[in-house]
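Undergrad: One letter stands for each residue in the lines below.
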Amino acid sequence: LAKTTQPISMDSYEGQEVNITCSHNNIATNDYITWYQQFPSQGPRFIIQGYKTKVTNEVASLFIPADRKSSTLSLPRVSLSDTAVYYCLIFSGGYNKLIFGAGTRLAVHP
Amino acid sequence: ETGVTQSPTHLIKTRGQQVTLRCSSQSGHNTVSWYQQALGQGPQFIFQYYREEENGRGNFPPRFSGLQFPNYSSELNVNALELDDSALYLCASSSTDSLPDEQYFGPGTRLTVT
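Heads up: the sequence lines are chains A and B, in that order. Quick note, the first sequence lines up with residues 1 to 110 if you use our numbering. Quick note, the second sequence lines up with residues 1 to 114 if you use our numbering.
Source of the hints: derived by calculation from the structure; they are not laboratory data. Yeah, the Cβ is synthetic: ideal placement off N, Cα and C, and Gly gets one too. Please note that the accuracy of each hint is not assured.
[What the hints assert, rightly or not] Partial chain A-side listing against chain B, Cβ under 7 Å, derived:
#1 PRO65
#2 PHE100
#3 GLY101
[Stated by the list, open to error] DEER-style ranges, computed between Cβ atoms:
#4 GLU14/A with ARG63/B: 20 to 30 Å
#5 PHE69/B with ALA66/A: 28 to 38 Å
#6 ASN77/B with SER9/A: 49 to 59 Å
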């Protein structure tokens, strides 16, 4: 199973772009990269998934270089409500078991 | 569309007791997974149910057991509670028709074992 490494915490200010990078050196050919967001006292929420290059949705963008050994979640113009824990996961298919690490605690300041 | 709901919200039990947590999956979802989240950590996979059968299990002892009902709702049962079982228990539902790693989580049940 591919292991992920991401910063423990990050700080930002309202209106800035935030980039959270995740390392996954032993990602397998068929693995997907998935990001979840979790607010205090709530369950995690699916943000975005990608396999290679760039994926964008209404919430975030996900950048994956050609070697796929890392990925970067980009949150444009963050607001206070983006303060949360962000988890990078590697999904290996099969049944839907999600393996969460400790995540990155993002704090957005006024 | 109704999201994933869990009951109760909070629960306090004594060591050695048994507890049952309940989960109603999102409409149209046929798969339910349970996770345990200790304070300050990411969720840990307990097991998953698909069509009323266990479809995968994480590194949890047999005293953690579950059920899925024909309406796809689910129960998590924990016997012989230990202090370390204190955690947030999350239920997540998903559908075989959607992305395999896109799961919809409920708000969780906060279990405290004293």
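Undergrad: Next, verify each hint and record whether it holds.
TA: Hint check:
1. Hint status for PRO65/A: violated, given a least beta-carbon distance of 20 Å to chain B, over 7 Å.
2. Residue-level restraint check for PHE100/A holds (minimum Cβ-Cβ distance to chain B is 3 Å; threshold 7 Å).
3. Given the 7 Å rule on beta carbons, the hint for GLY101/A holds: about 5 Å separates it from the nearest Cβ of chain B.
4. Between GLU14/A and ARG63/B the beta carbon distance is about 47 Å. The supplied range of 20 to 30 Å is therefore violated.
5. In this structure the supplied range 28 to 38 Å is violated for PHE69/B paired with ALA66/A, their Cβ-Cβ distance being about 46 Å.
6. At about 36 Å, the beta-carbon gap between ASN77/B and SER9/A misses the expected band of 49 to 59 Å.
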